[in-house]
Amino acid sequence: DTAVSQTPKYLVTQMGNDKSIKCEQNLGHDTMYWYKQDSKKFLKIMFSYNNKELIINETVPNRFSPKSPDKAHLNLHINSLELGDSAVYFCASSGSSGAYEQYFGPGTRLTVT
Amino acid sequence: GENVEQHPSTLSVQEGDSAVIKCTYSDSASNYFPWYKQELGKRPQLIIDIRSNVGEKKDQRIAVTLNKTAKHFSLHITETQPEDSAVYFCAASIRGSQGNLIFGKGTKLSVKP
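So the sequences go chain by chain: A and B.
Numbered per this note's numbering, the first sequence spans residues 1 to 113.
Numbered per this note's numbering, the second sequence spans residues 1 to 113.
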């Protein structure tokens, strides 16, 4: 009965490959997010998305793209993976505008070799 | 740009003592301030939050205070226990966003038995 789920939990791949991470929430939330947590544990927002608007952190390379097939899913696609992309990626969701409590998924540890 | 400073980066206390973590924010329009606890290898989990119309909020051993004038907010944990050991993140909402948060760099709290 997990509220926010992500797959896969671990992802090991080589430089230059393209990969995707999936995220699903069953909370009925209308806003979803992707965060990157680097080796120093810093949490940085990459994207926020609801059915009206995508907000992109300007520091995120355009190799990263979110795709939302429906309100309950926000997948993260990464093209041409680089060593520096190695990190833990967290998906999160929150309710309607004004209710900012964010619920995080379990994270996906991406290792690029 | 918007920024959240968090101090200290590490904090070691004896079981039963109190722990205080402090954050400052730069965006005067920020109106929501959550605190997250992240245990090793786990997802960040919301432990307490405060909105800008409130100066203090308490939940059992945890309390948060907010000084809007000074743009400071703090987490207080009393009667610390070994299971309080984790990384704690403060965050502040970003102006004009749909619930986007900017996080502090985290405080690693160690509670020694």
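One should not assume that every hint holds.
Claimed, not checked - The calculated lysine-lysine pairs, modelled on DSS-like cross-linking and capped at a C-alpha distance of 27 Å, are:
#: 1; chain 1: B; residue 1: Lys112; chain 2: A; residue 2: Lys41
#: 2; chain 1: A; residue 1: Lys9; chain 2: B; residue 2: Lys42
#: 3; chain 1: A; residue 1: Lys19; chain 2: B; residue 2: Lys112
#: 4; chain 1: B; residue 1: Lys22; chain 2: A; residue 2: Lys22
#: 5; chain 1: B; residue 1: Lys105; chain 2: A; residue 2: Lys41
Hints in this document: simulated from the structure, not taken from any laboratory.
On a predicted model such as this, the values are computed, not experimentally measured, just so you know.
Checked hints:
| no. | hint | in the structure |
| --- | --- | --- |
| 1 | B/Lys112 - A/Lys41 | holds (22 Å) |
| 2 | A/Lys9 - B/Lys42 | holds (11 Å) |
| 3 | A/Lys19 - B/Lys112 | violated (42 Å) |
| 4 | B/Lys22 - A/Lys22 | violated (35 Å) |
| 5 | B/Lys105 - A/Lys41 | holds (7 Å) |
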